[in-house]
Every structure is written in C-alpha cells, then in structure tokens.
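Engineer: As a plain string of letters, each chain reads:
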Amino acid sequence: MKTRSLTWRPSVRAGLFAGGLVVALVCFSAAATVSAQQKISKRYPGGKNVRVELRNISGTIVVESWNRDEIKLTATIESKNTHVVPKQVNQCLSVDVMSDNRGRGDIGDINFKLQVPVNSSVDLETVRGNISVTNVRGGLVRAHVSTEGDIELSNIVASQVIAQNISGNIFFDGEFLGGGTYDFKSSKGEIQIRIPGNSAFRLVAASPARRIVLNDFWNNNMKNQDGRKIVGDVGDGRASVSVTNFMGQITFLRR
Amino acid sequence: MNCETCQELIHDLVDGSISQSDESLLNTHIKDCLDCESVRQDLASIVGFARTRRGEYEAPPNEQALWLRIRNVIEAEAIARDRTGNRVASSERQPSFWERLMGHSWELSLPQLVASTVAIVLLVSLTTVVGLRRWGTTEIPTTQPTAIVGTSDISDRILQREQALTYWKQRVEINRARWNPEMRDVFDRNMSTINEAVANSLNELKKNPHDDVSEQMLNEAMNDKLALLKKFSDL
Chain E
1 MKTRSLTWRP SVRAGLFAGG LVVALVCFSA AATVSAQQKI SKRYPGGKNV RVELRNISGT
61 IVVESWNRDE IKLTATIESK NTHVVPKQVN QCLSVDVMSD NRGRGDIGDI NFKLQVPVNS
121 SVDLETVRGN ISVTNVRGGL VRAHVSTEGD IELSNIVASQ VIAQNISGNI FFDGEFLGGG
181 TYDFKSSKGE IQIRIPGNSA FRLVAASPAR RIVLNDFWNN NMKNQDGRKI VGDVGDGRAS
241 VSVTNFMGQI TFLRR
Chain H
1 MNCETCQELI HDLVDGSISQ SDESLLNTHI KDCLDCESVR QDLASIVGFA RTRRGEYEAP
61 PNEQALWLRI RNVIEAEAIA RDRTGNRVAS SERQPSFWER LMGHSWELSL PQLVASTVAI
121 VLLVSLTTVV GLRRWGTTEI PTTQPTAIVG TSDISDRILQ REQALTYWKQ RVEINRARWN
181 PEMRDVFDRN MSTINEAVAN SLNELKKNPH DDVSEQMLNE AMNDKLALLK KFSDL
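Taken in sequence, the protein lines are chains E and H. Per the working numbering, residue 1 is the first one in the first sequence, and the count goes up by one each step. Per the working numbering, residue 1 is the first one in the second sequence, and the count goes up by one each step.
Honestly, the hints are just simulated from the structure, not real lab data. Just so you know, not all the hints are guaranteed correct.
[What the hints assert, rightly or not] Restricting the straight-line Cα-Cα distance to at most 25 Å, the calculated cross-link-like pairs of lysine to any residue (SDA-like) are:
(1) 223/E / 212/H
(2) 231/H / 150/E
(3) 188/E / 231/E
(4) 231/H / 102/E
(5) 169/H / 167/E
(6) 188/E / 210/E
(7) 80/E / 53/E
(8) 206/H / 196/H
(9) 188/E / 200/H
(10) 185/E / 212/H
(11) 169/H / 103/E
(12) 231/H / 108/E
(13) 39/E / 180/H
(14) 231/H / 101/E
(15) 223/E / 179/E
(16) 113/E / 183/H
(17) 229/E / 223/H
(18) 39/E / 130/E
(19) 185/E / 230/H
(20) 31/H / 20/H
(21) 169/H / 42/H
(22) 39/E / 20/H
(23) 229/E / 200/H
(24) 31/H / 12/H
(25) 31/H / 108/E
Please read all numbers here as calculations on a predicted model, not as lab measurements.
Bound-form chain E, shown alone (with noise of 0.2 Å):
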C-alpha cells in the first residue's frame, strides 16, 4: 500500500496543476471578455407621452415602464469598435445602430434596457434578437424582427400594435381598444394571443397550414374559409386586428 502511494502521488500533483492552469485560463479569458464589453446608462428627461425609436441589428431589447417622466436607457455592447448614439428631439429618444455604424462590418450584439414612461409610444426593430416590451400603455407599440426571435408584449394597452417576425414566437397580452389597430405577423413562429373575455373586434386570421384556435372568440357568424383563414367580428368589432402565420399555429386565449 506503501509504495502504491508513492507512485500516485507525482500523477496526483500533475493532475492538480493542469487543473489550476485550465480554471486560472477560462477566469483570464471570462475576465478578457467582461473588460472587451462596454457598458452605457444614460437618462434623458422626457413628458408623460414619449417615443423611443431603436434600430438595432443583433441582441436584445427590453422596454419596460417605471413611474418616472424620464427614459432610462442602458445597453450593453460587445465589440469596442461599436458606436451607440442616442439622439433626443423633444419628446423622442432615437437609436439608430445601423445607421451608426454602416460600414463597420460585424459589430457584435447589443443588449438594450429602456425604461420609459408608461404612456411612452415604442417602435422597436432589430435585424435578429428577442425584444419584450411590458407595461405600457402609449400610442403605439411595433416590435419588428427581421430575421429570428421572439417577440413578448406583456400588458399592452395601446391604440397600435404591430408585432412581426420571420422565425420565432410572438406573444400578446393586452387589450384592444375600439378603433385601434393590430397586427401579428409571422412565417413559422407561433403566435399567442391573450385578452379580456369581453374584447370587440374585427379579426383576419390567415394560416394556410390550417392552424388557428379561437377557442372563447370563435362564433358561427364568422366566416371559415377552408379552416385556412376566419374572417368575422367579436363583439362590435370595434377594434382592427389581422393575425397572419404561414407555418405555425394562431392561438386566441382568454384572460
């Protein structure tokens, strides 16, 4: 057992110290990368109904409302090389990062965070990433996806929605308000539906793979063509809504 001993412990050693040498490099290279990040957080004074427009190429987006008449806007940027102007004109905060850096070639992800007055309008774009917009109840809120990812609206009341995306899911929690207009686009994503069991609208739901669930929404006064697309109002149809989803299903939930 003796000798046995004395011959494991130089392999022993060995081991350790490969070991201390592979976490000492992933914490050098972690730490490499946190330093290569930049990160911005400014605030700009702002009424009670604002509009923020951001262009952003790849990352994420996320609005959310706070009680304060100001926005908040923090990004966090990969690459050093990348330029992140915010430009104010009285009530609107614009990001445009294509703009900004055309030309640049691959300019990394940037994460943004606002947070907006409650009543702010939101138009929000960005080539690839997932953006979630909740809480807020302005004018207008567009979140168009280009390419892929997921668009979440939690507890919108606005008199304008337009969500859009190729690949990914969209998911809506709100109300409709009478005479507003709503849109949902995607080509293989699903998309979510949830509002009060009360709502009043005029609804254009396409889906040629034959996939929409109205579930409490449905009525026989609605015309189905082929099961591909449903045509008809609930309630006074007051509201504009169009739901349109080539491959994936459409789903209408009660809140």
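Dock chain H against the given chain E, drawing on the hints supplied.
Structural biologist: Showing chain H alone in chain E's frame:
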C-alpha cells in the same frame, strides 16, 4: 392615399415637380407600402440611367450606306408587289378551276352512280364517328386551359416580382462578405423559410389558380422577401 394616386404622384416626384404637401403624403404612403416603394425605385433608376447616359448613344457608322440599304429594301418590296399584281391580273383572263368544274356537263353510268353514292355514305359515316369521338374528349380539357392560363398569370407575376428582387439580391451579394458567418447563416435560414412559404402558396395556386387565400399568402411572402433583402442590403 391609395396606391393609384400614389403611383401618379411618383412621376411628379421623379420629375421634381411635386408639391410639398403631396410629397409628404406620398412619403407617408411609401413608408408603409412596399409595392409603391418598389415602383418609385424602379422609375427613379430608369430616369437616373437615362439622365446619366444622355448624349452617349452612338450614331450609325455610315449614315449614307444605311439610308441606301433602306431604299434598296423598299424598292425590292415594291418590285415584288408589282410582280404579284401582274400574276393576279393574268389569272383573271383564264376561267378558274371551279368555273371549269361547274361548267362541265356530267353524264354517269348506273354503276358509277352507285359507287359514288356508297363512297359518299362511307365518307359521311367516317367523319361523323371521328367527330363524335373528338367531341367526347374535348369536354375534359376545358378546365385545363383555364388552369394553364391561371398558372401562367401567376408565373408572370412571380417573374415580374423576381425581376424587382434581382436588384436587391445583387446588393445583398455585394455586402454579404462583410457579415459574420453567424449573420450569413441567419440570412440563409430565414430566406429559405420565406422561400418555403412562397413555394407552398405556389403549389396551392397550381391546384386552385383562383384561391384568394393562397394568392394573399403569396403576395405577403413576396413582400417579406423584398423587405428581408432590403434590410440585409443595408447591413
């Protein structure tokens, strides 16, 4: 503003004779309407091309020789017409085949008369049978020409849209090298998703050329394709 009014105003816009109020209405419409935006770009590029190439068209190398050739061709045609006219005039002098045939006095023996009657009966029967068979088969393909016409209409429309898309595809190809490999994959993946939607709609339209839903889906998928190309041509 509707698309018709917008497209009328686009001409004024390209000419630079549009009023400020019309221009702002037009811009608002164009922002949301990809079709009108596409018309504006096409027209602008045509007018731009014509302006940049003004005065560059080359004159024929030898104008005199060209006019000589044209005159020769016209003269040759005139001579040929004269000859045909002469031939017609000469044929008027002789009795025609039908005149000779009808002027002939026909005298037939009994066996000749029976043989001709049998031949006529046989010919009429044969023609009737063949005619009935043809009539029976022509009823089935009556829907097919419609289908073919419908499909070719769609193909024409696709072709027209594809021509508009070609410009943006070329721009994307130029910029593609600048994207990182991940972005290239994202573009390819999403373009193939849209192409799949286009193909599905086209298949449905082949089965039923007058299907509104498939036509709407096809239009939307083509618009998505254009929007994706435009977005990536800017990257």
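Engineer: For each hint, tell me whether it holds in the structure or not.
Structural biologist: Structure-based check of each hint:
1. 223/E / 212/H: The given pair, whose Cα atoms are some 14 Å apart, holds under the 25 Å limit.
2. 231/H / 150/E: With Cα atoms ~19 Å apart, residue 231/H and residue 150/E stay inside 25 Å; holds.
3. 188/E / 231/E: holds (21 Å)
4. 231/H / 102/E: Roughly 12 Å between the alpha carbons, so the hint for residue 231/H and residue 102/E holds.
5. 169/H / 167/E: Cα-Cα ~21 Å, so holds.
6. 188/E / 210/E: Status holds; Cα separation ~13 Å.
7. 80/E / 53/E: This hinted pair holds, its Cα atoms lying about 23 Å apart.
8. 206/H / 196/H: At roughly 15 Å apart (the allowed maximum being 25 Å), residue 196/H and residue 206/H satisfy the hint.
9. 188/E / 200/H: holds (13 Å)
10. 185/E / 212/H: Given that 25 Å is the threshold and the Cα spacing comes to 18 Å, the pair holds.
11. 169/H / 103/E: holds (18 Å)
12. 231/H / 108/E: Holds, at roughly 17 Å.
13. 39/E / 180/H: Satisfied, since the Cα-Cα distance of roughly 22 Å is no more than 25 Å.
14. 231/H / 101/E: The hint holds at about 14 Å.
15. 223/E / 179/E: holds (22 Å)
16. 113/E / 183/H: holds (23 Å)
17. 229/E / 223/H: holds (19 Å)
18. 39/E / 130/E: OK: residue 39/E and residue 130/E at ~19 Å, within 25 Å.
19. 185/E / 230/H: Holds, at roughly 18 Å.
20. 31/H / 20/H: holds (16 Å)
21. 169/H / 42/H: Between residue 169/H and residue 42/H the Cα gap is close to 15 Å, so the pair holds against 25 Å.
22. 39/E / 20/H: Measuring from Cα to Cα gives roughly 43 Å; hence the hint is violated.
23. 229/E / 200/H: holds (15 Å)
24. 31/H / 12/H: holds (18 Å)
25. 31/H / 108/E: violated (28 Å)
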